[in-house]
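J.: Starting from the known structure of chain F, arrange chain Y on it as the hints suggest.
Heads up: the sequence lines are chains F and Y, in that order.
With the first letter of the first sequence counted as 1, position 266 gets the number 269 in the working numbering; the numbers rise by one all the way through.
With the first letter of the second sequence counted as 1, position 279 gets the number 609 in the working numbering; the numbers rise by one all the way through.
Treat each hint with caution, since some may be false.
Said to hold, decoys possible - Pairs of lysine-lysine residues, derived as DSS-like cross-links and limited to a Cα-Cα distance of at most 25 Å, are as follows: (1) Lys72/F - Lys758/Y; (2) Lys419/Y - Lys72/F; (3) Lys493/Y - Lys707/Y; (4) Lys447/Y - Lys758/Y; (5) Lys474/Y - Lys550/Y; (6) Lys390/Y - Lys671/Y; (7) Lys518/Y - Lys493/Y; (8) Lys72/F - Lys652/Y; (9) Lys751/Y - Lys573/Y; (10) Lys447/Y - Lys72/F; (11) Lys638/Y - Lys472/Y; (12) Lys120/F - Lys224/F; (13) Lys474/Y - Lys72/F; (14) Lys250/F - Lys419/Y; (15) Lys527/Y - Lys598/Y; (16) Lys436/Y - Lys652/Y; (17) Lys758/Y - Lys472/Y; (18) Lys190/F - Lys587/Y; (19) Lys458/Y - Lys474/Y.
Derived from the structure by calculation, the hints contain no laboratory data.
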Amino acid sequence: MTTTSVAQVESGRALRAPARGRRLRRRATLIGWSFILPNFLGFALFTLIPVIAALGLSFMSWDAYNPPKWIGLANFTRLAHDPLFWAALQNTVLYAVGHVPLTLALSLGLALLLNRKLKGIQFFRVAIFFPYISSLVAIAIVWNLLFDPSTGPINALLTHLGVANPPGWTSSTTWALPAVIITSVWKDMGYYMILFLAGLQAVPGELYEAAAVDGANAWHKFWNVTVPGLRPTTFFVLVILTVSSFKVFDLIFVMTEGGPGRATLVLSQLIYQDGILNGQFGYSSAISLVLFVMVLVITLFQYRLQNRRQD
Amino acid sequence: MKRPMRMLAVAGITAAALALAGCAGSPNSDAKSTDSGSGGDAKTTLSVSVWDYAATPEFKALFDAFHAANPNITIQPVDVPNAADYEAKVTTMLAGGDSTDIITVKNLTDYSGYASKQQLLNLNSVEKQVPADKLAGLDSYKYKGTYYALPYRTDFSVLFYNKTMFQQAGLDAPDNLTWDEFASDAAKLTSGSGANKVYGAYVHTWNSLVQGIAAVQNDKDLNDPSDYSYLADQYNMMLKLQKAGDIPNYGEATSQKLAYQTEFETGKAAMVPMGTWLIAPLLADKAKGVSVPDWGIAQLPQIKSGGKIVTDGGPTGFGINKNSKNQAAAKKFIEFAASEKGAEAVASIGIVPSYQSSAITTKYFGLTGMPQDDLSKKAFAPDSVKPDQPVSPNTAAIGTVLNQEHQLIMTGGKSVDDGLKEMESLVKSQALSQ
Numbered sequence: 004m005t006t007t008s009v010a011q012v013e014s015g016r017a018l019r020a021p022a023r024g025r026r027l028r029r030r031a032t033l034i035g036w037s038f039i040l041p042n043f044l045g046f047a048l049f050t051l052i053p054v055i056a057a058l059g060l061s062f063m064s065w066d067a068y069n070p071p072k073w074i075g076l077a078n079f080t081r082l083a084h085d086p087l088f089w090a091a092l093q094n095t096v097l098y099a100v101g102h103v104p105l106t107l108a109l110s111l112g113l114a115l116l117l118n119r120k121l122k123g124i125q126f127f128r129v130a131i132f133f134p135y136i137s138s139l140v141a142i143a144i145v146w147n148l149l150f151d152p153s154t155g156p157i158n159a160l161l162t163h164l165g166v167a168n169p170p171g172w173t174s175s176t177t178w179a180l181p182a183v184i185i186t187s188v189w190k191d192m193g194y195y196m197i198l199f200l201a202g203l204q205a206v207p208g209e210l211y212e213a214a215a216v217d218g219a220n221a222w223h224k225f226w227n228v229t230v231p232g233l234r235p236t237t238f239f240v241l242v243i244l245t246v247s248s249f250k251v252f253d254l255i256f257v258m259t260e261g262g263p264g265r266a267t268l269v270l271s272q273l274i275y276q277d278g279i280l281n282g283q284f285g286y287s288s289a290i291s292l293v294l295f296v297m298v299l300v301i302t303l304f305q306y307r308l309q310n311r312r313q314d
Numbered sequence: 331m332k333r334p335m336r337m338l339a340v341a342g343i344t345a346a347a348l349a350l351a352g353c354a355g356s357p358n359s360d361a362k363s364t365d366s367g368s369g370g371d372a373k374t375t376l377s378v379s380v381w382d383y384a385a386t387p388e389f390k391a392l393f394d395a396f397h398a399a400n401p402n403i404t405i406q407p408v409d410v411p412n413a414a415d416y417e418a419k420v421t422t423m424l425a426g427g428d429s430t431d432i433i434t435v436k437n438l439t440d441y442s443g444y445a446s447k448q449q450l451l452n453l454n455s456v457e458k459q460v461p462a463d464k465l466a467g468l469d470s471y472k473y474k475g476t477y478y479a480l481p482y483r484t485d486f487s488v489l490f491y492n493k494t495m496f497q498q499a500g501l502d503a504p505d506n507l508t509w510d511e512f513a514s515d516a517a518k519l520t521s522g523s524g525a526n527k528v529y530g531a532y533v534h535t536w537n538s539l540v541q542g543i544a545a546v547q548n549d550k551d552l553n554d555p556s557d558y559s560y561l562a563d564q565y566n567m568m569l570k571l572q573k574a575g576d577i578p579n580y581g582e583a584t585s586q587k588l589a590y591q592t593e594f595e596t597g598k599a600a601m602v603p604m605g606t607w608l609i610a611p612l613l614a615d616k617a618k619g620v621s622v623p624d625w626g627i628a629q630l631p632q633i634k635s636g637g638k639i640v641t642d643g644g645p646t647g648f649g650i651n652k653n654s655k656n657q658a659a660a661k662k663f664i665e666f667a668a669s670e671k672g673a674e675a676v677a678s679i680g681i682v683p684s685y686q687s688s689a690i691t692t693k694y695f696g697l698t699g700m701p702q703d704d705l706s707k708k709a710f711a712p713d714s715v716k717p718d719q720p721v722s723p724n725t726a727a728i729g730t731v732l733n734q735e736h737q738l739i740m741t742g743g744k745s746v747d748d749g750l751k752e753m754e755s756l757v758k759s760q761a762l763s764q
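Here chain Y stands alone, though its shape is the one from the complex:
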């Protein structure tokens, strides 16, 4: 018996040694770092994590513009081909001690994870170099007084509408609507039945489109579970629209996996409240010859009329991996991405940059296929853009519960009041358990 035991031990040690060897090898050990990051005369290669590089042209636009301005620094994208896997892949990379220099921060939920785990470098010194007053969404990155990422792109919700359908229904353009006016317009725009059914509006299945918007327009924080009753009005309105058949049923939207872009492009819905990220694909489809309706954007409907335009939205940005060997060059890149030059690069392909100025807006609306009416331009400059779920250490866990209750309320599994009560108790339990 002794011998097999010893052999087992040997095998175990071999396996462990192999495992360790696997961990030690860094996938980016070949990244040239002749210069330890001064960004001076020597050539530097910066690696940047990105998702679906081929279908996300903003990265290439930004990298090319940066390389043109800094010929000594080359950018090497580290591509995660499936955008949905991006966060899991980055988590694994960072846990394995990967030294990719710059981590692209896809959304605020991911950001709260990087910040609470202390995986990114403190960027307060870089924040002082960027035009902070012109960067929409910059505040969202303040985590306990420190910036761990800076934005290059900021999207916010607007109301996409089909101009032809509004004209046919004899309605005015949806300039600065309240949610009540939105609901009555939706009713007037609904027509047909069966395969010819046209909905007044399509509200996608995301919880942010009800909860997030209600939270920012009521000036509340969704991470705070003390009282969610302020969400009731918005839910009651959506349920009423759904019952009247003015928006597609939530259950059908999930089981048929309806896509908001298709619903709008094929004229299935006259109004779609959605993030400004929908603009670029609409322009791209039009350029490709896909039939796209005559569209415009309007301000996101508000709770009360006559007030400021408050919309939900958030930045996409870059942070520096603590293991980066090229920190100085990486800081240079992040500063560039947040600058007017960086903004021009991303705006040129229809992406909304964080840096806002009238020059950028003019450039943006100069793109082929952009609507030229004043309302669209007005909608492009909301008074306030706030995150629908601000950054906190519990963002991800709370987000899961918020989404579950959203589904329960929208599918009728729970009444609005019961759902909101349960949301309070569950968010409390998730927040306490950290």
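The following block holds chain F by itself, in its conformation from the complex:
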């Protein structure tokens, strides 16, 4: 947009002094491009070109060595009949359904709790943000030990509280997905808490005073001032959180490698498995394309919803 308006301004001048104007215009454009060129080059090389290549590859059969073969929609018809794909899709959706609302609620709750002027409050903010910057592999291994069905402290606590048959967590097909969701919520909530804290600073204090004058209690204030005031932040958090939930890979891969069986197999891991491990890059590109379209549709839907609310 900036380039266009610069060009329009420049073309206005160009009527008076054609040669000089053209030179100036070119200069401005070049300077503009030179600013974004380093970033754009990196983006093009490592993101844009691979993404476009993946789009093409999803209609081909390719083993990463021999020339790709055009096979039309065969990858997609295979996808429709692949039980592993459906299992991974189901797990990915279940993961998102568990991870998004839990993280949203907890990070908002923590932000409200820590959004006050108290001595030493910084310590708690840092403590909660800490998991986000810790090594993911370390987190996965420590939580694996915590979740250990027989010697882990979580089940020891549950037994102490009177639970007769505590779950098998990562060694059980029913509890493995909840276990990775709990771990990822714990890891992510600090980051989103910081975003909500920033959002809370932007809610004008006068609104709370006005509400107090009108006799609003804490709940009314939260519902009628805080929530609307946080709407842009909530929207941003929701979009980022949803996208990252659908793309989840690393934490699950280190914790359970998709197991036991297929209990925590998600789409990203299936893409890795079919592409890198089984050498079927066409088929794994087709899965990536499906994942991309899914995330795109959900994000567009969220934008729609947000726009309607603002109207």
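T.: Just chain Y now, kept in the frame of chain F:
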């Protein structure tokens, strides 16, 4: 608007040109190839892909021995420091047109990938030069009638056991056990509880230790999904041992990431069915002064008593990259690695060579720290070594499904019968989809 569009096009072309330039540069363009591979008088440098060169001494032993026999050929290792990344790294190298001369073939799953993609040179002519009848595991490399790699090392499953614990329990050495006898010994060797718990056996979490062994001992091919019911007996035995607490629970083994070497070395388990690759680290630890129990090896337990000793195992070998510029010298190296000289080099550091002879066995058991009993020597020469999952174009994809069902059955997520039925239908769908 026109101008930005043109600039975009220019930027796009620049990016594409850069990408192409990146592909064209070969990382090994500096490998000296003054001689195009005749291995004659001129000096040649052969590059060989290896994993974790510092911690895998067999490579250096083999390279040094080869260089001593062929002073004109120098070997340049191309190291992938993390062994787990080796296959992905080699895939990327080959896809990028890399010209590393020799590709070390880490396992048969990787091999089936190289062979089906036609990335390696046909080695049938070299196969005629090597002592084929003495090379264990050579047959595993036959892919549609062609050899694309030849072995230098062949590992197979044996039963590692703790001699002291057997004596304390008043049991005979586990000479030629059946699986039923293995289970009853395991029960007798189990003792203690909590932190002092000692298990009769430790069966690692790999699916090959149940499925692979059951397949080779029943003379079946795991790639064939028509009927997996022959796996049921082995699964039922393992689940029974697990329920009785005679082997560690599968879920605990995965969540605590138990290591088979540690379980055996620290005396947590009396018997460990495992590949012969465990011998070298046991010897190395003993030499370093780590406390290692008095151990021996016995034949892998069999389904029936009195028959031949059938065990699962597979070769590690070398293949030649189709892009290699030094093919003649590379063939020379592969021939050497499979020969008695090559076998001596790897056996001298505790690695089991593919080349088998009584001289090599004597040399192997002459290593410091090796058990000297007759049973261990007997276990070192099984009657038949077969791959637990033979080479086929679908090996990797089928392997993934086999492993998933293994986890489901071992963690109780599926009953044995349901798991095997699901295995049949899923392997069918994976095999069809190629």
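J.: State the violated hints by number, sorted upward, taking the hints as numbered earlier in the document.
T.: none
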